[in-house]
Amino acid sequence: MTRVFISRDMASVALGADAVAHAFADAGCEVVRTGSRGLFSIEPLVEVETEGGRIGYGPVTPDDAARILGGNHPNRLGDVAALPFFAAQQRFTFARCGIVDPLSLADYAAHGGWTGLDIARAAEPQAVVDTLKASGLRGRGGAGFPTGIKWQTVLDAPGGTKYIVCNADEGDSGTFADRMLMEGDPFCLIEGMAIAAHAVGATHGYIYIRSEYPFAIQTMRDAIALSADRIAPFTLEVRAGAGAYVCGEETALLDSIEGKRGQVRAKPPLPALAGLFGKPTVINNVLSLAAVPFILAEGADAYAKVGFGRSRGTMPVQLAGDVRHGGLFEVGFGITLGELVNDIGGGTASGRPVRAVQVGGPLGAYFPPSKFDLPFDYEAFTAAGGLIGHAGITIFDDSVDMAHMARFAMEFCAVESCGKCTPCRIGSTRGVEIVDRIIAARETEPARAATNDGTLGKALYSRAPDRIDVSLEAQTTLLRDLCDTMKYGSLCALGGFTPYPVLSALDHFPEDFGAAAPVTEAAE
Amino acid sequence: MGFTRETDHGTPPAIATGRNITLTIDGESVTLPEGTSIMRAASLTGTAIPKLCASDNLESFGSCRLCLVEVEGRAGYPASCTTPIAEGMTVHTQTDRLKQLRRGVMELYISDHPLDCLTCAANGDCELQDQAGAVGLRDVRYGYDGATNMGQPKDQSNPYFDFDPSKCIVCSRCVRACDEVQGTYALTIEGMGFGSKIAASQNDAFLSSECVSCGACVQACPTASLIEKKVVETGTPDRAVVTTCAYCGVGCTFRAEMRGEELVRMVPWKDGKANRGHSCVKGRFAWGYAQHQDRILNPMIRASVTEPWREVSWDEAIAYTANEFRRIQAQYGRLSVGGITSSRCTNEETFLVQKMIRQGFGNNNVDTCARVCHSPTGYGLKTTFGTSAGTQDFDSVMHADVILVIGANPTDAHPVFGSRMKKRLRQGAKLIVIDPRQIDLVKSPHVEAEHHLPLRPGTNVALLTAMAHVVVTEKLYDEAFIRERCDWDEFQDWADFVSEAARSPEAIEPLTGVRPADVRAAARLYATGGNAAIYYGLGVTEHSQGSSTVMAIANLAMATGNIGREGVGVNPLRGQNNVQGACDMGSFPHEFSGYRHVSDDGARAMFESAWGVKLDHEPGLRIPNMLDAATDGTFKGLFIQGEDILQSDPNTRHVAAGLAAMECVVVQDLFLNETANYAHVFLPGSTFLEKDGTFTNAERRIQRVRKVMAPLNGHADWEIVQLVANALGLGWDYAHPSEIMDEIAALTPTFTGVHYDRLDAEGSLQWPANDAAPDGTPTMHIDGFVRGKGKFVVTDYVPTDEKTGPRFPLLLTTGRILSHYNVGAQTRRTANTAWHPEDRLEIHPNDAENRGVKEGDWVSLRSRAGETTLRALITERVAPGVVYTTFHHPDTQANVITTDYSDWATNCPEYKVTAVQVGLSNGPSDWQEDYADHARQSRRILPVEAAE
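Each protein sequence line maps, in turn, to chains A and B.
All letters in the first sequence, in the order written, are residues 1 to 524 by the UniProt record's numbering.
All letters in the second sequence, in the order written, are residues 1 to 948 by the UniProt record's numbering.
Simulated from the structure, these hints should not be mistaken for laboratory data.
Hints may be right or wrong, so weigh each one.
[As the list claims (entries may be wrong)] So the derived label-pair ranges between C-beta atoms look like this: (1) 480/B <-> 145/A: 48 to 54 Å; (2) 222/A <-> 476/B: 45 to 51 Å; (3) 202/B <-> 268/A: 30 to 36 Å.
Note that the structure is predicted; figures quoted are calculated from it, not measured.
Just so it is clear, CB atoms sit at the ideal spot from N, CA and C, and this is done for glycine as well.
Produce the complete structure using the sequences and hints provided.
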């Protein structure tokens, strides 16, 4: 019987993988449902097992089954791993994703699974923490805090009960790495958490998955049940999120697990010292924890030797938006933004010129192509007024209106604000209103020609002492002042980072806000 | 005292670690305890950092973002409320950059806040207004045409405060106060982001929500969003006087905030050591009775209770009173008159009443309402420990690891202390509840009893002795403590007694109905769970074995070494504001002030020398003895200050008969209470707002009561007693209550250090306060028991004679509810009736179904003593076979049902156990109809003759 491999990943299913799988089953094949390889332009992808290895076809439809089994389909890709998109990657974390059956313990073990856990459990907790420190792994959720140091704090914290919490509330638009890993290689995350538990002395862990990921929730629950004996005495459970973006903020996430309203806690105390239920807690992103088995199995040096500056190891970059080759691309730090967008992503899907890319999710900065020489590195992005975040890159062509994108950033913040701190709670709503006024004014007011009669011609509120100045200049100044208040005054990164997309849009694309276009540095 | 707001340092004091931190704030070097926030550190050194969400009775929250500061070497602008001080830290609190940020935040606040300051009820008393000024906000560039939370309807359902969501700044202080301070968790934030709103329960109106109207949220609100209706009506206060609440024995201190002579609001005083800035619905809001139209302001007399009252001058009333007592004594003998002191009045007033009786009547016929509540506490704790009082201060509960509550319902009857207890329970202390009912403490938000032992009413002694059985037979007792501090021989006798198989949890299960395994587990937890503290109430004392139960409690505490330090102890939760004080002041017929027996020649000589008369060495009559003597025809005259024995004492019909048999009953009270229906003289009393004095709370804390307004009736109560005493020829000359306290101090060894100047300077003193304990005594028996060796007393269980049978198959037990106070004379004359307009009979669904009773049906409640009618409340809070009601409403008169069984040692009535039958009813009982008719007749007042 012919074995074929077809992804069960949510993205593949959305593209029709289930129907394709049925067609191959009907054709008498043994269908193995895997995770996704991570390149969506070739999904649904079918890989047929042959003596010479797996031969890939994609994208395919259910009607293609017979021709593929006959070996003469035009979308024959050959060895998928040899495609340039994959050959250029350094898959440390996603090595098994797309290849193995996610819920096969045998597959997992056959592909190097549990090696890291066995090595860790044979070592003292401090040695495991030291390995993490030496690997240079930094928090992949966005903050980039050294994981080993966080673990050290929890290891050193007094107290009998400690927890491992995995943040799988992957809410950034354009990101999907956490989901892909949980659906495609759940045991990897479980192994990483079990290693963390050994390293800090925890006995129980939680995986907090956003409710919009039903496949990931089910896969993780199944995987936990299957691997319970393997990770014992460590125990794990999945908690489904309640649909709030802010619950991806680590302290709000902890409150949510505790059954409370998901609201950001002030720090200190650090979760490492007083986290879940007031106990010392390791809270890490899926990608941080999933990187751990590799580090333990292959050694800290193998991980740390890849990278750039203080950003060591690999990052699973997610290319989305208006891009020709969207998907997951795991690569060592240091690759430039331009390489990712143009060489790997292949430019826009629309075929029009790239105008802007947003890096790091909805709270990340927009960059114009003039910044494409930026190396993918925490420090370099910070210096350029942006952030790596969860490494989602969203690409826009030249039809994008950056004032609308600035408005979207404020609106996103307004919709997702928990309401605890004032800058975010009120500021985001006021931000939408300001951008609306700018959009209205830029149509009628010539660029850089603020007039004296910018004052609104009617009393806005019966008791308002003054009428407000709605000129472009005044509103732009107010928008920058608001961004300053939000960036430096907000309690958490939601309000604090919302100014990144707004200010970067203002700085790099002033012409969309009714001002003169900047003189491009690279005008040669 | 002028009006100044209390200083708010923004965050609570650090939990003591013993380590200090030195840092620099705005160029000044400061050394403070580790764990202090930057905000508090700055405030303590005189720098006010702008703030809105912070308050020093709440944990820091960090939401308003006004308190941002700069810390050298740290990125960003940390919130000073959530950032602890660190060694060597250099903080700047007032830089141009910070001003810019704070102004930016304030501009956002004001962009969603009405600009109606001038017509706002909080004008001049609004933190938002203050902080807008402090940060120099001059312009709101956002305008007012954007999204807004303004214009939402107000919630005015609560009778005492309004909620205006339009003025809310979503600082969550109300929610946090409800959670952290009160522990009710009635409030929440509903929605997210800009749409975040405060909601009570599931978006209910405040009145119908779980809100208990403690006022903590109103106090916490920085704007006019939650504000007292009285402030809305009257305006903001212009002066404040610190005084002590006149409701329960917790003894909360309040700032009476006044505008001229008008009381605007009572705000709990943060420096109050009993309440630590918290309050309940009664003390905070239910003071309107002081101005109620029912108050009687002129003295009245009548020759017979069948006649209407006649208003007379003070001179005439006083002279009539004195003449009547002298006439009766001349006619029926020295012992034919007596008096009752009030636990509602001050120490000084109580002292004067008993002095008037002993000095002026020449007998010891004085008693007080403690007779019917905590007299067994006095007897039991004096016998075992040597002092007739609780052993701890309230703060002690914060050091307890195990809390045993028996026969008390703190969240209803002592709500402010109940909240403290819940706070400690949320911190992890374990709870044991011994109570026939499932009181709120058994299970409420974030609090759950480890063990609830729902015993049959009347079996306390059997259950406590069974717990002792477990402690002794499982060798859980603290032998070192017992050998050092107690009489070892007595312990062994007691240990042998409790060890007998007949006293095991298994053997007594048929009596108590409590599962033996639960009794054993509770006993083990109490004995081995760390600091274990017992809190008890009238469910312990008001039994035929009340004194035995108190001693059984004392035995348990001694056997396990839980006496003599913080976090442990035996703590009676006293009912009345000054019941401890009334007992201390010599209100009992056998004791002078300081609990010295009248037969004690030394003590008597001291008083005889001070008062210049010979004093009787024989104890006088107790209240029930006075009533018995009256029906026998030997007791004819009674002076009653501030007590309503007809409604509060058991077997109402017997009380009525006793009173009716007397020739002169004098009632000194605010209102024509039920007892006044049998009175010949009515002397109008003054409220706690109208006089100076002191109250002593359940933790022996003596606190000042201060006059905030002139007495409407013309005289403070102590002045009235002095007038009567002088008409009797006693020649008193007190110009101020402080002089009375000086006399008390001179005559009472435990009070020698108590003087008004010290109370004013230090806020309060806990007796003993004398040369041996100059600063008072928060915790008793630290170095040894007052009596010498702690005494173990064998407490054999003797079932009450009050037994169920075919005629009366159910057991009635009585108690109180949060919104009302005892006979309700005060609370029924406030809007508290919104929560509890009538007494209801709690009955288990099974018992109700057997009788065809449905929710809200009128039912008759019958005992061998009497019958009354009230409406049924069907609930599983009571066990099958047990019914429960409150005694706040005279229309119900629950005490028509209760019997004259009483404690073997002290005559404290057995209110808590009455065999009854319940059945459907058509209307009021005969007694209720007769009594209502009598009360109507008796309350008639003749119009004053036309003045010409």
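So, going through the hints one by one against the coordinates:
In this structure the hint that residue 480/B and residue 145/A lie 48 to 54 Å apart at CB holds, the actual value being about 52 Å. Restraint check, residue 222/A to residue 476/B: a C-beta distance of roughly 49 Å satisfies the suggested window 45 to 51 Å. For the pair residue 202/B and residue 268/A, the beta carbons lie near 34 Å from each other, so the given range of 30 to 36 Å is met.
Violated hints: none; the structure is consistent with every hint.
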